[in-house]
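Novice: Each chain is listed here by its residues.
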Amino acid sequence: MRFKNGNSIAVTGYGWEVSPETVSYLIHGNTENISVVPGHDCRPLEYLKVRKTLKFMAKQDRLSVAAAGKAIKMAGLNNDDLWDKTGVYMSVGYIPFSLDDADMIACNSQKNNQFSMDAFATTGYENVNPLLTFACLPNMPAYHLSANFDIHDEYYVTYPETPEMYIALQEAVAALNEKRIDVALVGGVADQDNFLVKNHYEKTRPGQDLVLPDTAGFIVLQRGDDVPTAQYTHAVINEISISKTNKIALPESKINWGAPELILYIISSVENKRRVGEHEYSKNGFRYYCHWEVT
Amino acid sequence: MNRVAVTGLGVISPLGNSTEEFRNKLLKGESGIKYINIFDPNNLPSKIAGQCHLEKYDYKDRKIDFALEAAKAAIEDAEDNSGLLSFYAAEKTAFSIGIGLELFDMHDMVQHVNNNYQKPAHENRIDYLQTPGDFCIDVLMRRYQFSLPPAIHISACAAGTDAIGHAFLKIKRGEIKMALTGGTDSMINPLGLGGFCKLNALSTANETPEKASRPFDSNRDGFVLGEGAGMLVLEELESALKRGANIYAEVTGYGNSFDAYSISEPHPEGEGALRAMRKAVVMSNIRPEQISYINAHGTSTPKNDPVETLAIKKLLGDCAYDIPVSSTKSMIGHLISAAGAVEAVATILCAEQNMVHPTINLDNPDSDCDLDYVPHEAREVNIDYFLSSSFAFGGMNSSIVFRKWGDNA
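Read top to bottom, the protein sequences are chains F and D. As numbered in the numbering used here, residues 1 to 295 make up the first sequence, in order. As numbered in the numbering used here, residues 1001 to 1409 make up the second sequence, in order.
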């Protein structure tokens, strides 16, 4: 999908919430000897409208709010600007589960080392944190973005990886071109330093011994004509295409960046001041490609 | 911009697995809510649900089988001797689905934790510990070859409506010609049921399951969990007419929005719900009073029902009291990510016969819920445009407008 109507789509803000090691790998690209990246978390207090909502936030929520907050701030926007005609387009990674929660539920829901519904419905149920449900719902990162940045307009929330991020980005561009929105907050988050997510990848990509960092990245997109000054345009998206392919692309590194991968590549190319950037990805017979220019 | 037709419907529901059976039971006002027998709910506060029944299951995660059966039914319905898939073989087509949480297996979870978070060496099952949510999508994509990758919607209770809405937008702007769209979910398992119980969100009227889901009633005490799948085939109208497809309805508008208010409660003024409904109406290029019927989100929770009523009144003004509103959830429960899709199927099927199904168990209407909710009995209504809404935890709201096929031909 090249942009037929000539509108340029400008990246006016960006932000990521990743570990320092991840930043180094993304910027310098030296991933040959990587074997592990430490988990990453944050406390995005400066972006919370109400501080006590932190207790409702799982790691994916915290990372999302922090990354999106940075992007919005860089774009020079505030909550009043975002109230109307702003959309959220995001891809959320595989659903994590904390060790503490798994431990508590499993230990209180067994008899004779086997799962017991009797134990689950009594001891397990009594001890489970009622807020656990919110940590499992995949639409919660989008909620926290809307609540903390006063976003009331449309959304496209998908899962779990890079192909879905491409479709989310396409939807954002379509919404901007159709003028349903004026600002698009586009990004992804993946809480991957997690036993459940690791189990998932061990099943679906056996033998690849993937490194799974925690990542979150967001960009703010606006129609080029609407950007007030040149200062706020960091990159311009030129092409997003999805097509069928017979080629099987082998992964270039053993780091799996998760749902935000495309966004992290865009951000790292801007940070690295590369003139042009591109990202290519293949999965299940489809090729995904994005091209942008850094301004 | 292209017009978009609904040409195929498929459903797996607590009221049956064929569109004919589903519609008949809806119009009779039957309840599909029963005591849970898929597993023993034991001492959990809520022990009732709207369960589906298939003769056999190929997957541990029930929603996969529901999705496969509903998709097959929708495609066959659309084919109807008109060769849907071969007609679009060279065209851009897509799959857009609302899907629920990954299924966690508690037996595996206990074993995994006891084994120091190590997978036993002999375990090679794809569904060990949890069934990946996109596994369902993979299974569907292997059966039906679409030219574009699937769009997966995870907006919880709004996911089904969002899936249909985005498929509609893609056809409308000419990006694709045909889509298979809908939603599937099954949270009737220990963690799913337990999680909602812990939020005090579920009805505990276990002694009278068929009366437990009572949207807009003053004695409502929470929603009843349901499961199932609804699938629709959408086509660009001109193409559908060219292949001689049977057309149920046209999709005319869609909108979604955030409340940006609370993690679990709707905005008290219904502002987010109103915004979504209004967007769908505006996109349809109609006046709100042209809506003949509203299929409500109508969960039977203390907070949703009066807020939704308020939003409908703000949308329709004085006309609100003249337009019938009913809740499918009164009969099948809340199907979470499948709800919007199954309720769209319900609404289209009933509209085809110029009927609206009832809201059952509405014995003592809440004083804040004073619209015409079609209590107890189905009603004949001259249907033109109709609206269906779904509102999710986290304040995500989604609405879609259809027009019955006939006068708009």
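Possibly wrong hints are sitting among the right ones.
[Unchecked claim] Here are some of the chain D residues that sit facing chain F, going by a computed Cβ distance under 10 angstroms:
hint, residue
1, 1024
2, 1027
3, 1029
4, 1135
5, 1197
6, 1271
7, 1378
8, 1381
9, 1382
Honestly, the hints are just simulated from the structure, not real lab data. Using N, Cα and C, we set each Cβ at its ideal position, and we do this for glycine too.
Novice: Which earlier hints can't be squared with this structure?
Specialist: 1, 2, 3, 7, 8 and 9
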